[in-house]
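Visitor: Next come the chains, spelled out residue by residue.
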Amino acid sequence: MTLQQFMNEAISPWMREDGPDSDIVLSSRIRLARNFAEASFPLIANQEDLEEIKSFFQSEYEHKSFQDYQDFSFVPIRDLSPIEKRVLVEKHLISPHLAKHADSAATLISENEQVSVMVNEEDHIRIQLYFPGLQLDKALKKAFEFDDWLEEKVNYAFDETRGYLTSCPTNVGTGMRASVMMHLPALAITGQLNRMIPAINQLGLVVRGIYGEGSEAVGNVFQISNQITLGKSEEDIVEDLQSVVQQLIEHERKARIRLVEQSSTRLEDRIYRSYGVLEYSRIIESIEAAKCLSNVRLGIDLGIIKNVSRHILNELMILTQPGFLQQYAKKTLTANERDVLRASLIRERLQLEK
Amino acid sequence: MECQECQKRPATLHFTQVMNGTKKEVHVCEVCAKEKGYMTYPEEGYSLHNLLTDLFNFESAPLGNTSGDTFMPPKELQCPQCEMTFTEFKRVGKFGCATCYHTFSNRLDPIFRRVHSGNTKHHGKLPKRKGGDLHAKKQMESLKTELKHLIENEAFEEAATVRDKIKDLEKQMRGENE
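First to last, the sequence lines map onto chains A and B. First residue of the first sequence: 2, per the numbering used here; consecutive thereafter. First residue of the second sequence: 975, per the numbering used here; consecutive thereafter.
Per the computed footprint, the stretches of chain B lying under chain A, defined by three or more beta-carbons under 8 Å from a beta-carbon of chain A, are: (1) 978–989; (2) 1051–1064; (3) 1067–1079; (4) 1083–1089; (5) 1092–1102.
No wet-lab data here; the hints were simulated from the structure. Note that CB positions come from ideal geometry on N, CA and C, so glycine has one too.
Turn these sequences into a full structure, and let the hints steer you where they fit.
Guide: Structure follows, in structure tokens:
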């Protein structure tokens, strides 16, 4: 696997499979924060220690495989161009933090892009493992197995009382952040989601919009994740998250049915207008693109739009991000140039479906 | 839902803030979040870390002891491993190394309680290496309580089985430590 392949494909190989409830849940992720017991945390560690950790990961894990996660690529972040860094962030393979603190940071990425290990992020080790659809239990099981595999060679910073020790007090204990990415257009359109958020927060879970500038929920894609990492077992945290996600799925499905029953013409109008914009526009900004993509995806899920693949939302959401567009053009683009290229890529992609 | 600060833009940041023991739900837009200091690093998006440093900072005032050390300047806690001081930790909101957890151990419970809904102790995965030992220790404790109980109730046959189990476990633990 070469770096080029990570860069050229908008969809990671694991995304091509449909997981359970994948009409609503795009992906499930488990992230584990771990540190070496001996070295200071990256925030204040000296350069030599961080370089040593980096080369440890290169020598021990580059081109190694574990179960389904084959042939890990080792990528030092400072070797990447700004556009390449952006692409990896847009694909959620690395965090914005890692891209910014490039000096001694690196990442290991499995061939199917299902597992990535960020080295010298806020913590020495951040394991990320993705599954398509709602598969938190499976993701947790695999993340644990992967964690045990790393632990064979790494002496983790761990304390009997406090658990896994992390740089930030918000991660201590399990070091785990479990999250689910959901497409919730009907709950967002009807304003129900905003009423549900406070209740979800009460359970120690956080809801936030992803995509688009800042934290605005462009494209109706939301991330639900646990906030608490101390005092509850990983299994309990995942179970709580799972039950909230299942309720959200049910509510979303009901809201979709109600939309179809009560305002089907308006809904169809909304969906077809968006489809028209995507199919015919020559200049499109990322916010408009995301809104239209969300509507079209809803149309596909409801059977209103036929013969267009469901993956189009996941794929075009990533493909039309600034980093990816520039990677595709192989040069830096102005905002206007990006809007033109975005429109033309979307048109091409929709043509492919015909 | 609209932003509670400006009442114009939609609220995009939602969280529960616990201040002086009272819970308050906050729903604000990003612009107001920045203005009101809920968030200072726009590129990091989420504001929790910044909220945290605020939480640490007022923690020392109401909870610290007000008598006694007024004329003796309190000795600054400093981590022997990474040299981070407790003041620095409160300012940054991040630990410097694993040893900081021991160095500041006495002062961490209130912070963890606030961040983790009242929890201060880990109840989850154990590293395999340390885990083996810990599991055995916990098992040993419960076996010994069971044995005591059985003897008190004069259930000697069962007690003998439990005693054998303890012996096996002891052997196993010694084996692991060698």
